[in-house]
Each structure stands twice: as C-alpha cells, then as structure tokens.
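S.K.: Chains as they are written, first to last, in my numbering: chain B, 20 to 139; chain V, 20 to 139; chain L, 20 to 139; chain E, 20 to 139; chain P, 20 to 139; chain S, 20 to 139.
These are calculated hints, taken from the structure and not from any lab test. Treat each hint with caution, since some may be false.
Copies of the same chain are indistinguishable here, so a pair counts whether it falls within one copy or spans any two.
[Unchecked claim] With a cut-off of at most 25 Å between alpha-carbon atoms, the simulated DSS-like pairs for lysine-lysine come out as follows:
1) Lys135 with Lys23
2) Lys23 with Lys58
3) Lys23 with Lys97
4) Lys33 with Lys47
5) Lys135 with Lys47
6 protein chains.
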Amino acid sequence: MSTKLDDFRNYREKMNNRISQIDHLGIKRFLNLDSAAYKEGMLDSKVKELLGLTASTVLRCNDCIDYHLIQCIDAGWKDEELYDALNVALVVGGSIVIPHLRHAVETIDNLRAERKPLEV
Amino acid sequence: MSTKLDDFRNYREKMNNRISQIDHLGIKRFLNLDSAAYKEGMLDSKVKELLGLTASTVLRCNDCIDYHLIQCIDAGWKDEELYDALNVALVVGGSIVIPHLRHAVETIDNLRAERKPLEV
Amino acid sequence: MSTKLDDFRNYREKMNNRISQIDHLGIKRFLNLDSAAYKEGMLDSKVKELLGLTASTVLRCNDCIDYHLIQCIDAGWKDEELYDALNVALVVGGSIVIPHLRHAVETIDNLRAERKPLEV
Amino acid sequence: MSTKLDDFRNYREKMNNRISQIDHLGIKRFLNLDSAAYKEGMLDSKVKELLGLTASTVLRCNDCIDYHLIQCIDAGWKDEELYDALNVALVVGGSIVIPHLRHAVETIDNLRAERKPLEV
Amino acid sequence: MSTKLDDFRNYREKMNNRISQIDHLGIKRFLNLDSAAYKEGMLDSKVKELLGLTASTVLRCNDCIDYHLIQCIDAGWKDEELYDALNVALVVGGSIVIPHLRHAVETIDNLRAERKPLEV
Amino acid sequence: MSTKLDDFRNYREKMNNRISQIDHLGIKRFLNLDSAAYKEGMLDSKVKELLGLTASTVLRCNDCIDYHLIQCIDAGWKDEELYDALNVALVVGGSIVIPHLRHAVETIDNLRAERKPLEV
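So here's chain B without its partners, still in its complex pose (with noise of 0.2 Å):
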C-alpha cells in the first residue's frame, strides 16, 4: 500500500527533474549548494543532517522533515535518537510544533517499515 511518503517521494522525484529541465543557472546553483552543505566536512554528514532535520522541523515543513528522516535514517541515526532531537525542536519552536512531530514519528515508522524484511 502507498504512504504518504511515498507520494512525497514521486511528487519530489516529478518535480525535481521538471525544476531540471527548467535549466535556471541560479535555481540550478541553489539546488548543487543545498546538497553540498551536508556533505562530509568540519562536521560528519550525519550530524549535519540531523541539523537538518531540526531545523527543518522548527520551520514546519513537512516535505523537508521527511527528506531528512531519509537522510537521518540512512545515516544510521536511531529512532530514540531522532525523538532526542524533535524534542529540542519542539521546545524550541513550541505547541505550534506539534503536527509536524505527529508527521515526523508517523514518517520514521512507515521507513523503519520499508526496511523490515516481509513477514512469511
């Protein structure tokens, strides 16, 4: 059965490649820089994602909270570990906070679904 994850995951994939096709030097810019900024430097990757993933969750945006669970995940950052950071952002940015930590626990579960090998 399709998630809402998975549908954020097609529309993503769609409309990035439409964005590409759009060939706009500056958004194409913009786009290399974004990617580029958790790449492996001063910091690890996988801290810089969870960066990502806090701040994305105290400016409430549900696509980006679930593009960095994917990357978090990736990273090999666990479930009570990522709990520990959407807590700092729930204190940070307040009750206001609160939809967007349902849709972030519900989006580690349907990943940690995706990963469990199919029950016989």
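Fit chains V, L, E, P and S to the known structure of chain B by using the hints.
M.R.: Positioned in the frame of chain B, the structure of chains V, L, E, P and S alone reads:
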C-alpha cells in the same frame, strides 16, 4: 570594554531573576523543560547544543544564538565546526539569515577573546 | 459523510497514542505543559482558548486552528465572537492568513453542523 | 481531469462566498484592501503581482502562490520571468522554500496547459 | 530617566507622523483598519487587546508587544493576567519566545512605574 | 551626524570582511549566489531589487530592508514607487510589518538626505 555579549548576559540575568520573582507556575515549568531539553539523553549535550544553535539561527533570534554559542563553546565545539553548522542554517534559512550569521561570527570572536589570556 | 475535521481528529488521536507509546520524557512533559496552559488560572479557560486560536491563526497552522476551534466552541464562544477574533488575527498577520481564515470558517461550520440535531 | 489548481479555485470560491455571507465589516474591509493593493498605482499592476508572488513564496503559502501565479500569467509575465522571480524567493528564503518552488512550477505548467488549445 | 519604552514611543510617534505625511492611500487605510480591529465589537476591546498581545508575542515583535501592553494596561488587565497570557504565547511559540517574554516583563514593570506616584 | 544607516553599513562591511576571512567554502558560495540572484537576467536588476525589498519586508528583517533600499534607490526607483511596494508588503504581512515600515521610511529619508547637496 563591554561588548554586546556582556549586555546580553547582564540583561538576561537581570530579567531571568525578575521572571523568577513573578513566580508563574507555567512559565517556571517551561523554563525548566527548556534547560532539560539540552541535558545528556539519547543524544549527548554537545550535539543538542548544536541543534539549539541551528534552530535559533534559522528562526533568526540573536539572543538565542548568543545563548547557544556560549553553550556550544563550553561544550567543546571548535570555531570551524560552528561555521559548518551556521552554513547549514544559512542554506536552510536563506539570505534572510545573513545578518544573524554576522552576529554569530561576532559573538564567536568575542567569546574566544574572553577566553584568551591577556597578552603582557 | 466524513469531513476534513474528522480526518484531523482521527489522525490526531492515532498519532498522539503513538507518541505516548514512544515514551520520551521531555515530549510527555511538553504535552502536559501545553494542556496546562489553557486551564483555569488568572485568566479563565474560555479566554485562553481564544488566545490559543489567535496565536494559531497568525502562525498559520490549520491543525492548531481546528484544535482550538473545537475547544473554543466547547467553551461557549459564539460564531460572531470567533469571527471577531479571526479578524484580529487577519489584521495582525496579513493576507497570508486568508487561506487559514477560509479553513477556520469551514471548521466552524462543520462543528456547528455536528451539534445540530438531524432534521427528520 | 481536475488538477490541484482546480481544487484550489473551487474551494477558494466556495469559502470566499461563505466569508462574504458572514458579513464581518473588518474582514470585508481587509479583503477589499487586499485587492486594492495590486491595482494600478505608482507601480503598475503587473509588477505588483510579481511582488505578491515573491512575498507569498518566501512566506511559504501554496494557496497564495497559486493565486498570484494566476494573476501574474494573466498580467503577461512569461515563464522564464516567473522562474527568475522564484529564484529570488529561493535565495532569500532558503532551502525551506524548495517544496513551494516545486508547487509553483507545477502550477505554472497547469496554467499553461489550460490555455493551450486542445490538439486534434 | 528615559527608558526603552520612551524611545519606542517617541520613535513611533515621529515615524507615524512621517508616514501620515507620505499620504499613501493604501497605507492609511491599512492603519485605520488596524485601529478598528481592536474597537468594541462582538468581542470587547479589552479581550481584543489581549489577543493582540498574544499574537505579537508568538510573532516575536517587541514594538508590537510594547504597543499592546500599553493598551492592555489601559484596558485594565492586571499583571498576573498578562503573565498568564504571555505563558500561553510561550507554550505556543516555544523557547524562541523567551527573549520577548523578558522584554514584555520589563515593559510591564516600566509601565507600572510610570503610573506610580513619585515617593516623597 | 552618524545615522542608524551608517551604523548598519559599517557593521555590515566589518563583518562581511571577517566572514570572508573565515573562508568557509559553502558560506562563500552562498554569498556569491545571493549577489548573482539580483543581476540582470530574464527580469532586470531594477525589478529584482524591488522583489528583494518586498521579501525582506514581509520577513521583517531591518538589515535586509536597508540593504535592498540602498540597491533600489541606486537602481532608480522613486520614493512613491517604494511606498507602493511597501504597501504590498504591509497588506501581505499584516500589522506586524508596521515597525519595519517605520524603519523603511526612515531609511529612505536618510538615503535621500545623503544624496542631497549640502545647502550653503
């Protein structure tokens, strides 16, 4: 010579005392919860302070940036690592963050100057 | 027929249960503090819910608007009073609030329809 | 086939009618003031609509983006010009704007598709 | 001794006069609409000013907080009631609101000091 | 006599030099991308600066407003045209923008005063 950072610390201390005098239960509990969010947990305090810095920067709050920079430097983050976190905040938050990047870099310099033994 | 409001309530309940399962102390304490903020105090609950509605509207969070509208109507605010509060939010927050005004008016209508005895 | 854009237009019309029924003087005056802001003045309407689009994009409101894209295309802005305005919004507002850039590009495509005579 | 509050009031009056000189119809109508939003209506002015204070606090605008605190105290709200409203704003808006809570408490104290007859 | 605008320019130049010394590749590339966004493209620079001003105003950043007002006046926009753009920002962003409208009008006046030959 007194810096902007001293002004922030003095004002913060004075008003925190005043707020504590006011003795509003909800406000006191919130302030405790705020401190607790950065304590050792599934994530260590050092990482959480960096999350707090990034969240404060994308939300564009200079006082919050100063507070978390003090904590980050106490926790042992190096300047180059802080710049790397600020870069994530800049890319997430856009050019509207630039004035706060200026402020953050100034505060890092002031904090380092305070820690440097006076030259004879 | 199920409304957007039903979807919100079901999703909210499901994910609140899941968040309670996660059992993160900081998050649980925050959620308690959030509930406590609207309890009878120096201001009565009824006024506080209207503050919550206005804050949610200027911060442009539909789920938060729905939640506080449910509470406001339970607390006895009349539609015309709610419109007057939404007008304050509109003037403070500007035209960017208009889509959330539409949402709020729809939710008020849905809430009233639920309370109306079915016509025979 | 109905698009997200059709849904937006239908919902917008339905709820604007409902809001007009409510007949709150302050809300009505605000809505008039909003329309008036984009009328021919010291700046022409065409430029003002582009300002409205950029403001809506950095404030990350998809409904407002759709509304101003409809007006911008009616006013004669070409796609490449709209992309250039969206690039300004992207740089000012940062990567948090990217999901709204995707939405804006999709809406531009939908609006152009509507205007294209059906191929035989 | 002149306070931050005096500076705000003087600057506000000077620039409001200058803006009125500019004589832009849209701006003038907006400023009238803004005043009108807090006038006696379905809700009384006293409650509306508290809504304005809460909205200003979650949106983190010190000048707006000062303005609404002046109005709130004129309208008869007591300090403990104002703290209770600020607590709602703190919980909704999160720790990023704390610097504005400090500012608000300072302004309340300054406003009360002004009203107190000088001791002989 | 030094104005707030002089303070902004001096601080901006000092800290931009310091940031350039820090030599963080991502930050440097972001600052270049930011400058590039306002260069002649499908839209001309003059229009783009007005977009930058409007975006800065609705996002309520005084330093960004000052920067774009300098660029707008250099690009040839007249005061009445700037007021018309600020009016769009006011309607989109609401009364929370008013303190920044005051700031913008003061900066326009300061910029015009600088350009006026001294009277003998």
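S.K.: Between Lys23 and Lys58, at a C-alpha cutoff of 25 Å, which is it: within one copy, between copies, both, or neither?
M.R.: Neither. Shortest intra-copy (27 Å) and inter-copy (34 Å) distances fail the 25 Å Cα cut-off.
S.K.: Quick one: Lys33 to Lys47, C-alpha cut-off 25 Å, is that within a copy, between copies, both, or neither?
M.R.: within (16 Å within a copy, 31 Å between copies)
S.K.: Tell me, please, which holds for Lys135 and Lys23 at an alpha-carbon limit of 25 Å: within, between, both or neither?
M.R.: For Lys135 and Lys23, the Cα distance is within 25 Å only inside one copy (18 Å; across copies 32 Å).
S.K.: When no copy is specified for Lys135 and Lys47, does a C-alpha distance of 25 Å or less occur within a copy, between copies, both, or neither?
M.R.: neither (36 Å within a copy, 28 Å between copies)
S.K.: As a check of your reading, is Lys23 near Lys97 (CA-CA no more than 25 Å) within one copy, between copies, both or neither?
M.R.: within (22 Å within a copy, 33 Å between copies)
Violated hints, listed in ascending order, are 2, 5; each of the other numbered hints is respected by the structure.
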